[in-house]
Each structure stands twice: as C-alpha cells, then as structure tokens.
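**Student:** Line by line, the protein sequences are chains A and B.
Each residue of the first sequence is one higher than the one before, starting from 0 at the first, in numbering that gives the first Met the number 0.
Each residue of the second sequence is one higher than the one before, starting from 0 at the first, in numbering that gives the first Met the number 0.
To be clear, the hints were calculated from the coordinates, so they are not data collected in a lab.
All figures in this text were calculated on a predicted structure; none of them were measured in a lab.
Even for Gly, the Cβ is constructed at its ideal location relative to N, Cα and C.
Incorrect hints may appear among the rest.
As the list claims (entries may be wrong) - Just the calculated beta-carbon pair ranges, DEER-fashion:
no.	chain 1	residue 1	chain 2	residue 2	range
1	B	P217	A	Q73	39 to 47 Å
2	A	G102	B	T228	28 to 36 Å
3	B	K392	A	L299	54 to 62 Å
4	B	Q266	A	T59	53 to 61 Å
5	B	T228	A	K157	25 to 33 Å
What the hints assert, rightly or not - In the DSSO-like style, the derived pairs of lysine-lysine whose C-alpha atoms are separated by at most 30 Å in a straight line are:
no.	chain 1	residue 1	chain 2	residue 2
6	B	K160	B	K83
7	B	K455	A	K157
8	A	K58	B	K414
9	B	K131	B	K146
10	A	K58	B	K131
11	B	K506	B	K83
12	B	K443	A	K58
13	B	K146	A	K52
14	B	K188	B	K116
15	B	K414	A	K52
16	B	K188	A	K52
17	A	K52	B	K184
18	B	K184	B	K158
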Amino acid sequence: MLHYIIKRLLAITPILFGLTLIVFLVMALIPGDPATAILGAYATPENVARLNKQLGLDKTLVEQYIIWLSNLLQGDLGRSYSLNRPVVDEVIERFQATLVLAGTALILCSVMGLLAGIVSAVRQFSWVDKTITFLVLIGISMPSFWLGLLLIMLFAVKWQLLPASGMYAIYGGGDWLDLLKHLILPAITLALVATSVIARLTRSAMLEVLRQDYIRTARAKGLAERQVIYRHACKTALVSVIPVIGIQAGFVLGGAVYIETVFQWPGIGRMLVNAISMRDILLVQGGVLIVAVSYVIFNLLADIFQHYLDPRLTS
Amino acid sequence: MVRKPVTAAIIKVVLALAVSIAFLQTSFAQTPPDVLIVGQIAEPKSMDPHTATALNDFRILMNLYDGLVRYKDGTLQVEPALAKSWQISKDGKTYTFQLRKGVKFHDGSSLTAGAVKFNFDRILDENHPYHKTGPFPLAFFFSAVDKVIAKNRHTIEFKLKEPYAPFLSNLAYPTGLIVSPAAVKQHGKNFGRHPSGTGAFRFVEWKSNAKVVVERNPNYWSGPPTLKTIIYRSITDANTRVAEMLAGGIDMMVEVPPDNVSTFAKQNNYQIYEQIGPHLWFLILNLKEGPLANKQLRQAVNYAINKKALVDNVLQGTATVATGPIPPAFSWAYNNNLQPYAYNPEKARQLIKSAGYQGEKLTFYVTEGGSGMLNPVAMGAAIQADLTKVGLKVNIETYEWNTFLGKVNPGLAGKADMAEMAWMTNDPDTLPYLTLRTAAWPDKGGFNSGYYSNPKVDKLLEQARRITDQTERGKLYKEMQAIVLEDAPWAFIANWKQNAVANKRVKGFKLQPSFFLLLKNVTKK
Numbered sequence: 000m001l002h003y004i005i006k007r008l009l010a011i012t013p014i015l016f017g018l019t020l021i022v023f024l025v026m027a028l029i030p031g032d033p034a035t036a037i038l039g040a041y042a043t044p045e046n047v048a049r050l051n052k053q054l055g056l057d058k059t060l061v062e063q064y065i066i067w068l069s070n071l072l073q074g075d076l077g078r079s080y081s082l083n084r085p086v087v088d089e090v091i092e093r094f095q096a097t098l099v100l101a102g103t104a105l106i107l108c109s110v111m112g113l114l115a116g117i118v119s120a121v122r123q124f125s126w127v128d129k130t131i132t133f134l135v136l137i138g139i140s141m142p143s144f145w146l147g148l149l150l151i152m153l154f155a156v157k158w159q160l161l162p163a164s165g166m167y168a169i170y171g172g173g174d175w176l177d178l179l180k181h182l183i184l185p186a187i188t189l190a191l192v193a194t195s196v197i198a199r200l201t202r203s204a205m206l207e208v209l210r211q212d213y214i215r216t217a218r219a220k221g222l223a224e225r226q227v228i229y230r231h232a233c234k235t236a237l238v239s240v241i242p243v244i245g246i247q248a249g250f251v252l253g254g255a256v257y258i259e260t261v262f263q264w265p266g267i268g269r270m271l272v273n274a275i276s277m278r279d280i281l282l283v284q285g286g287v288l289i290v291a292v293s294y295v296i297f298n299l300l301a302d303i304f305q306h307y308l309d310p311r312l313t314s
Numbered sequence: 000m001v002r003k004p005v006t007a008a009i010i011k012v013v014l015a016l017a018v019s020i021a022f023l024q025t026s027f028a029q030t031p032p033d034v035l036i037v038g039q040i041a042e043p044k045s046m047d048p049h050t051a052t053a054l055n056d057f058r059i060l061m062n063l064y065d066g067l068v069r070y071k072d073g074t075l076q077v078e079p080a081l082a083k084s085w086q087i088s089k090d091g092k093t094y095t096f097q098l099r100k101g102v103k104f105h106d107g108s109s110l111t112a113g114a115v116k117f118n119f120d121r122i123l124d125e126n127h128p129y130h131k132t133g134p135f136p137l138a139f140f141f142s143a144v145d146k147v148i149a150k151n152r153h154t155i156e157f158k159l160k161e162p163y164a165p166f167l168s169n170l171a172y173p174t175g176l177i178v179s180p181a182a183v184k185q186h187g188k189n190f191g192r193h194p195s196g197t198g199a200f201r202f203v204e205w206k207s208n209a210k211v212v213v214e215r216n217p218n219y220w221s222g223p224p225t226l227k228t229i230i231y232r233s234i235t236d237a238n239t240r241v242a243e244m245l246a247g248g249i250d251m252m253v254e255v256p257p258d259n260v261s262t263f264a265k266q267n268n269y270q271i272y273e274q275i276g277p278h279l280w281f282l283i284l285n286l287k288e289g290p291l292a293n294k295q296l297r298q299a300v301n302y303a304i305n306k307k308a309l310v311d312n313v314l315q316g317t318a319t320v321a322t323g324p325i326p327p328a329f330s331w332a333y334n335n336n337l338q339p340y341a342y343n344p345e346k347a348r349q350l351i352k353s354a355g356y357q358g359e360k361l362t363f364y365v366t367e368g369g370s371g372m373l374n375p376v377a378m379g380a381a382i383q384a385d386l387t388k389v390g391l392k393v394n395i396e397t398y399e400w401n402t403f404l405g406k407v408n409p410g411l412a413g414k415a416d417m418a419e420m421a422w423m424t425n426d427p428d429t430l431p432y433l434t435l436r437t438a439a440w441p442d443k444g445g446f447n448s449g450y451y452s453n454p455k456v457d458k459l460l461e462q463a464r465r466i467t468d469q470t471e472r473g474k475l476y477k478e479m480q481a482i483v484l485e486d487a488p489w490a491f492i493a494n495w496k497q498n499a500v501a502n503k504r505v506k507g508f509k510l511q512p513s514f515f516l517l518l519k520n521v522t523k524k
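Working from the sequences, and respecting the hints, build out all of it.
**Tutor:** Structure below.
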C-alpha cells in the first residue's frame with residue numbers, strides 16, 4: 000500500500016510541473032494586457048508600455064516563467080495588482096471559502112447520490128426507482144446556474160427564507176447558523192449535477208453486483224437481506240463508484256466558478272472571474288494552480304481509497 | 000425487510016431539511032437601523048484615492064476622504080472643503096489655499112500644509128520616497144503642477160507651469176483627495192487596504208469580495224454623520240444584486256439594470272433615484288481614411304441613427320439623446336442653442352448619395368461591456384440596423400473590453416471605420432482636450448483615435464484651459480461644441496442618467512451629477 004502511494008506521488012510530479020507550464024502559457028497568450036485593464040480609458044500606448052515595464056511584463060516569456068516558477072517554489076506567487084495584496088494570501092483565503100462550499104456539496108452529492116443509487120437498484124422498476132431515474136435525468140440536464148437563479152427567486156426573493164448572497168455575516172457576528180443559512184442554496188445547486196451522475200452510476204454498479212454469484216451464495220447461506228446489501232454488495236459497488244466521486248470532486252470545484260458568481264460566494268471561482276476580467280495574470284495563475292493541484296490531489300485520494308477497499312487492484 | 004430503513008432514511012433527511020428551513024425563517028431579520036448596506040457593482044480595487052480609477056471605488060472613497068475643494072451639492076461647481084478659501088494669481092499660475100484648522104486624519108495625525116504637500120509630491124515626483132506606493136494612473140490630472148509649497152502650517156501654494164483652468168475641478172475629483180501621510184508611511188504599498196483620510200466615515204474592515212465596512216467619524220469637521228455604519232457589498236452579478244435588493248439583504252443599489260427599473264417602480268417600498276451626469280456615449284469615426292473621411296458621410300451617419308429609439312428602447316429611458324461633445328451636466332459650458340442631429344433617414348440617404356459612397360464596407364468595433372458603455376452589444380446592433388436602412392454596409396467586430404481598448408486607443412487607422420466609446424469626466428475640458436485636438440492623435444499620446452483635426456477647435460480648447468473666469472471659459476466651450484457638432488467627427492448618441500434604488504427606510508439621499516455616492520446626510524430608520 001505504502002509502495003503504491005509513493006509510486007502515485009512520484010507519478011504526479013511531472014503532471015504538476017506540466018500544469019505550471021500550461022497555466023502560465025494560457026494566461027500569457029490570451030489577448031488584452033493588465034496595463035490596459037488598470038489604466039482603463041486612459042490607456043495610451045505610451046502609458047501602457049510604461050506600466051508594463053513597472054509590472055515586469057516587458058521581459059520575455061521564458062524569463063517571466065523562470066522568475067514565476069522560482070518564486071512559486073519558495074511559496075511566493077507574486078502580488079496581485081488588481082487587489083494590491085500578495086496572491087498567496089488572497090488565494091488561500093478564497094480557497095478556504097471554496098472548500099467549505101465544495102466540501103459540503105461533495106458530501107451532499109456523495110450521500111444523496113449513493114443513497115438514491117442504492118435504493119433505485121435494490122428496488123429496480125418500482126415507482127421509487129422510476130421517480131429517482133426521472134429526477135436524475137432532470138438533474139443531469141438542468142444548467143446549474145439557472146437552477147441557482149431559480150432557487151434565489153423562490154427562497155430568497157419570494158419566501159425570504161434564505162439569503163441570496165453575502166456569505167459571512169454582513170452585520171453582526173457570524174456563527175455556524177449564519178454559515179449554514181448562506182450555505183444551503185449554493186451547496187444544493189452545486190451538488191445537483193454530481194448527485195445525479197453518482198446516483199446513476201451507483202445504480203448500475205449495484206445492479207451489476209447484485210447479479211454476481213457471491214451475492215446469490217450469501218443469500219443462499221441465509222444471511223439477512225440487509226447484510227447482503229450493506230455488507231457485501233455495497234462495498235463492492237463502492238469500489239467502482241469511488242473514482243467517479245473523485246472526478247466529481249473536480250467538477251464540483253470547476254462548477255464553483257458559476258455558482259460562486261450567482262450566489263456571490265467569496266471563493267476562488269468568483270475570484271478567478273474577476274481576476275480574468277482585470278487581466279490580473281498573477282492572480283489567475285495562482286488561482287488556477289491551486290484548483291488544478293487540488294483536483295490532482297482529490298483523484299489521488301480517490302485512487303488510494305479505492306485500493307484500500309479493493310486490495311486486488313494493488314497487486 | 001430491507002426496504003423500509005432506506006426509505007425511512009430518505010424521509011428523515013427530507014424532514015430534517017424541512018425543519019431546518021422552517022427554523023431559519025424566523026432568524027432572517029431586516030437590516031438594522033443606522034446601518035446602510037449598499038450593493039456595489041464590483042469589488043473595489045484600492046482605497047487609496049490616488050491609485051483608484053473606477054467610479055465603483057470612488058463611491059466609497061468620497062465618504063472616507065476630503066479634498067481641498069469639493070463639488071457643491073447637486074452641481075459640478077467647486078466649493079471649499081479642507082481649504083476654507085483660496086486665491087488665484089492674476090496670471091492664473093499660482094493657487095494659494097488656506098486650510099481649515101484643527102482637522103485630524105482618522106489615524107489621529109493633523110491636517111497641515113506639509114501633509115497636503117506630501118500628497119502631491121508622492122504622486123507627481125518620481126524621486127519621492129513614497130512614489131513607489133503607486134502606480135498613480137490619473138496623476139496627469141495634475142501634470143500642470145510645477146511645485147507645491149507649504150508656506151506655513153495652514154497655507155499651501157501650487158505653482159503651475161502654465162495657466163490651467165480645470166485645476167480646481169481636478170482637485171475636487173478623487174485623485175485630489177487628501178490622504179494621511181502617517182498612514183502611507185506606516186503601510187507603504189498596503190495603504191490601499193488601510194486607508195486613512197479626514198472624511199465623514201472612517202475605515203473599519205475590508206473582507207475580500209464580501210464587504211467594506213466604514214463607521215461614523217465622531218470628530219468630523221463639519222459635524223458627524225447620522226449613519227453609524229455603512230457596509231459596501233460587491234455583488235457583481237446584476238441579477239443577484241436585484242434579487243438581494245428584493246430580498247431585503249441590501250438597502251440601496253446603484254446601476255440598476257434598465258430591465259429591472261420597472262420592477263422596483265411597481266412596488267411602493269422602494270424609491271428610484273435618477274441623475275444625469277457628465278457622461279457621453281458616442282461613436283468614434285475614422286477621419287483619416289475610408290468613406291468616413293468625408294464630412295457629408297459622417298453627418299449622414301448622425302442623421303441615420305435613431306437615437307431616441309436607442310435611449311427609449313435599448314436603454315429603456317436610462318439615458319437622454321446627446322448633442323455634441325459636452326454633456327449637459329456641465330450646465331455652464333453646455334450650448335443650449337444647439338439641437339442634436341435629428342433622426343432623418345431621407346436626409347442621410349441624400350448625403351450618402353452626394354458624398355459618392357460606392358458601397359464600401361464599414362468596419363464597426365463593438366465591445367462586450369466596459370466602464371460607462373451601458374448596453375454596447377445591443378446598441379451596436381441597433382446602430383448597424385439603422386445604418387443598413389440608409390444603404391451603408393456595416394460589419395461588426397466584437398471585442399472584450401480590454402482587448403477593445405487595446406485596439407481603439409492606438410487609433411483606428413488600417414483597422415476600423417467606427418468604434419463605440421464612452422467617457423465620464425469631471426470637467427468640460429477633459430474629454431475634448433484628450434480626444435478632439437490635433438495634438439491628441441494617438442501617435443502623440445492622446446486619445447483622438449479618429450484623427451479629427453480642426454485648428455479652430457485646437458485654439459479654442461487651448462484658450463479655454465488658460466482662462467480662470469468660468470463664464471468666459473463657458474463661451475469658448477459653447478463655440479467649440481457648435482463647430483464639432485457640424486464637423487461630426489463622432490456620432491453623438493447618449494448621455495447616461497445614473498440611477499439607484501433604495502428602500503423607503505433610507506431618507507435624505509440624493510444622486511450627484513458627479514456620480515459620486517455621498518452618504519453623510521443619509522439616515523435610515
């Protein structure tokens with residue numbers, strides 16, 4: 000097991016390196032420059048050139064990359080010029096907010112998706128199965144930003160049950176209840192698609208497992224149905240669902256870009272949208288990097304957990 | 000039986016959710032009295048007035064800081080603020096200000112002539128020890144300043160290189176606000192996150208992308224404000240901003256999307272505010288080459304566009320039709336005798352015919368969005384349709400705002416025949432001086448991207464900025480405006496009416512022609 004973990008860790012090193020290169024190049028290649036964004040209407044070519052020089056953007060791409068990478072290795076991502084503060088501070092602060100949202104959504108979608116999938120499979124072709132399959136179809140097809148707006152219209156504007164935006168108590172101190180209030184709508188919106196995907200896969204994985212010989216054997220041995228399902232079938236089905244959850248974790252993080260904008264959640268997604276429109280290159284690079292790295296890590300964790308559940312995979 | 004426990008688990012989860020939502024309902028409170036929550040359109044970039052360039056930031060800054068002078072309530076005329084009085088020398092090159100005594104910055108340090116000198120030296124002198132706390136993009140507002148001299152503790156003198164009439168207006172602009180030198184020295188480059196001024200409100204905290212909080216300054220020199228706290232929330236998504244306003248999460252929002260104004264107008268717990276300001280939305284036309292080098296054709300473009308339909312339908316009444324390069328908000332410089340180009344497609348067709356237009360394609364740069372651009376894509380499409388109606392072939396190219404500026408500001412030559420543009424300024428001098436003079440062609444470092452050149456206009460603009468008497472200056476601008484309207488280097492389209500909506504608990508609020516958000520006299524029950 001340890002051997003496997005080390006092997007996987009070594010394998011992701013070049014991936015991370017490649018990531019830094021892609022993140023850097025993509026940002027360098029998109030049109031529009033930060034000096035124009037800062038100067039706005041007053042951006043003459045002369046002013047732009049002077050400001051670019053002040054920002055160190057007159058150097059060659061290779062030079063810029065080397066400087067950026069060596070700073071990165073020392074934990075320095077530079078200074079955001081649109082926010083006028085160190086990128087590291089901003090990115091970490093915002094990433095925490097995203098983790099709260101994406102983490103909640105991930106737990107929601109895993110629990111609801113697995114539950115729905117299992118129930119659906121165990122009671123195949125019943126009305127419960129049909130209802131769940133129908134809901135899953137809707138969940139997969141509905142654009143999440145639209146669902147977000149719909150929820151805001153209903154819960155915040157019409158019924159005034161939950162706040163539409165403004166994560167962190169806006170006046171007074173914030174406690175867990177306040178956090179929960181702000182969390183419900185965006186977390187549900189963000190979890191919806193992933194829940195549907197997980198439910199659908201769990202259902203087919205469970206159906207597959209329930210047809211296996213050892214399940215028949217377990218039943219023949221006279222085990223209670225509950226034990227057959229939870230002890231034997233679920234564990235096996237989980238092995239094939241875990242990597243999907245790992246991938247969904249990545250989608251949830253990516254989906255956070257829209258959801259954070261709709262609900263004004265102070266996370267990394269919204270930071271990226273603003274940073275891109277401001278051409279704040281260093282901030283975008285820092286933000287994309289942390290999202291990409293966490294995506295790699297989620298998948299690594301999912302792999303490791305999968306191997307833990309099914310030792311056959313390691314050998 | 001296995002089925003029951005699973006189904007029961009789902010029912011339990013649903014029940015728990017329902018209960019928690021019911022429980023939450025009771026705790027969803029109204030915003031507290033004396034605390035005003037303002038919905039902003041974007042996250043501020045800096046609370047340092049010398050580095051900020053966006054109106055969004057100015058809306059906060061004007062409540063944290065004071066300048067030597069300010070705009071009188073409801074006008075763009077200058078009146079005393081931190082300076083109680085001033086004298087201008089006969090040659091218009093020396094301005095001497097008497098500072099108010101006993102004014103303190105929020106950090107406790109005193110407002111002195113030395114502090115004022117520090118402010119201007121910091122942005123203008125590249126060798127100043129705190130110049131590197133910049134960049135200061137709008138420092139050129141004060142490029143006419145040669146020297147700043149602290150005569151004594153409460154007298155400050157500005158020596159100008161040449162007479163420069165917009166100087167006072169520029170001092171009233173956020174770039175002229177006075178910051179605490181002690182705070183700049185303490186926080187250096189981070190001053191923009193630890194602001195300290197002399198304003199009616201003082202800074203409390205700034206949570207990235209959540210809120211900026213300011214509180215009443217009990218020692219404010221003209222008496223403390225009524226509001227205890229103001230919270231500025233950045234809600235970038237217009238739909239969410241409107242939803243938050245309807246849900247009662249914010250008390251006031253600015254830049255209400257035209258589509259939503261009627262939503263608020265229909266309900267009687269909201270008040271809508273409108274104010275016309277120094278804004279102009281226009282098309283830059285390429286005079287250097289192509290069909291629009293011909294004056295008749297440029298006039299035809301002006302006649303062909305149905306501006307009334309644009310402001311009424313596309314902008315849904317949030318703007319008025321523009322007449323020439325000076326917005327009517329500058330009442331003393333605006334020429335009331337002129338009429339906007341009427342919508343007259345027949346006349347446009349005649350002009351096009353007599354100009355000998357051969358059916359050449361016109362390239363039209365449109366942007367997706369940007370400061371003051373209102374609804375640029377829809378407006379671009381409507382303009383294209385109007386021009387097509389009179390027989391002009393127009394090809395739209397759409398760019399994202401920063402890319403767009405990168406294409407337009409260096410000049411349209413070789414690229415396009417027309418481009419959308421909008422400016423918001425604080426003095427009638429700024430826009431024409433930077434965009435209509437021969438000496439402002441892009442290769443000379445200006446913003447005359449359409450290469451307009453008229454010696455008479457050049458002369459009037461140079462003269463106007465050297466005369467300190469406002470009536471005399473106004474005459475020159477009015478004359479300039481008539482010439483430019485006739486020459487039609489631009490298609491003059493719209494002057495934006497800024498709007499805001501607040502709930503009825505907010506009293507004493509007014510929008511200003513400067514577009515600043517002044518909250519000192521606002522109360523909230």
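**Student:** Verify the proposed pairing of B/K188 with A/K52, using a straight-line Cα cut of 30 Å.
**Tutor:** holds (18 Å)
**Student:** Decide if the proposed pair is consistent with the structure: B/K184 and B/K158, CA atoms, cutoff 30 Å inclusive.
**Tutor:** It holds: about 26 Å lies between the C-alpha atoms, which stays within 30 Å.
**Student:** Would the hint linking B/K414 and A/K52 be met if the CA-CA limit is 30 Å?
**Tutor:** holds (27 Å)
**Student:** Can the restraint linking B/K131 and B/K146 be considered satisfied, given a maximum Cα separation of 30 Å?
**Tutor:** Answer holds: B/K131 to B/K146 is near 19 Å, not above 30 Å.
**Student:** Cβ-Cβ distance between B/P217 and A/Q73: within 39 to 47 Å?
**Tutor:** The hinted range 39 to 47 Å holds for B/P217 and A/Q73, with Cβ atoms some 45 Å apart.
**Student:** So the hint says 28 to 36 Å: do the beta-carbon atoms of A/G102 and B/T228 match that?
**Tutor:** holds (32 Å)
**Student:** Verify the CB-CB distance for B/T228 and A/K157 against the hinted window 25 to 33 Å.
**Tutor:** Given range 25 to 33 Å: holds, Cβ gap about 29 Å.
**Student:** Is the Cα-Cα distance between A/K52 and B/K184 30 Å or less?
**Tutor:** holds (25 Å)
**Student:** Mind checking the hinted window 53 to 61 Å against the Cβ distance between B/Q266 and A/T59?
**Tutor:** Since B/Q266 and A/T59 have Cβ atoms about 58 Å apart, the given range 53 to 61 Å holds.
**Student:** For A/K58 and B/K131, compute the direct alpha-carbon distance and say whether it is at most 30 Å.
**Tutor:** Given that 30 Å is the threshold and the Cα spacing comes to 20 Å, the pair holds.
**Student:** Between the alpha carbons of A/K58 and B/K414, is the straight-line distance 30 Å or under?
**Tutor:** Holds. A/K58 to B/K414 sits at ~28 Å (cutoff 30 Å).
**Student:** For a C-alpha distance cap of 30 Å, please report whether B/K188 and B/K116 respect it.
**Tutor:** holds (19 Å)
In summary, the structure is inconsistent with hint 7 from the numbered list given earlier, while agreeing with all the others.
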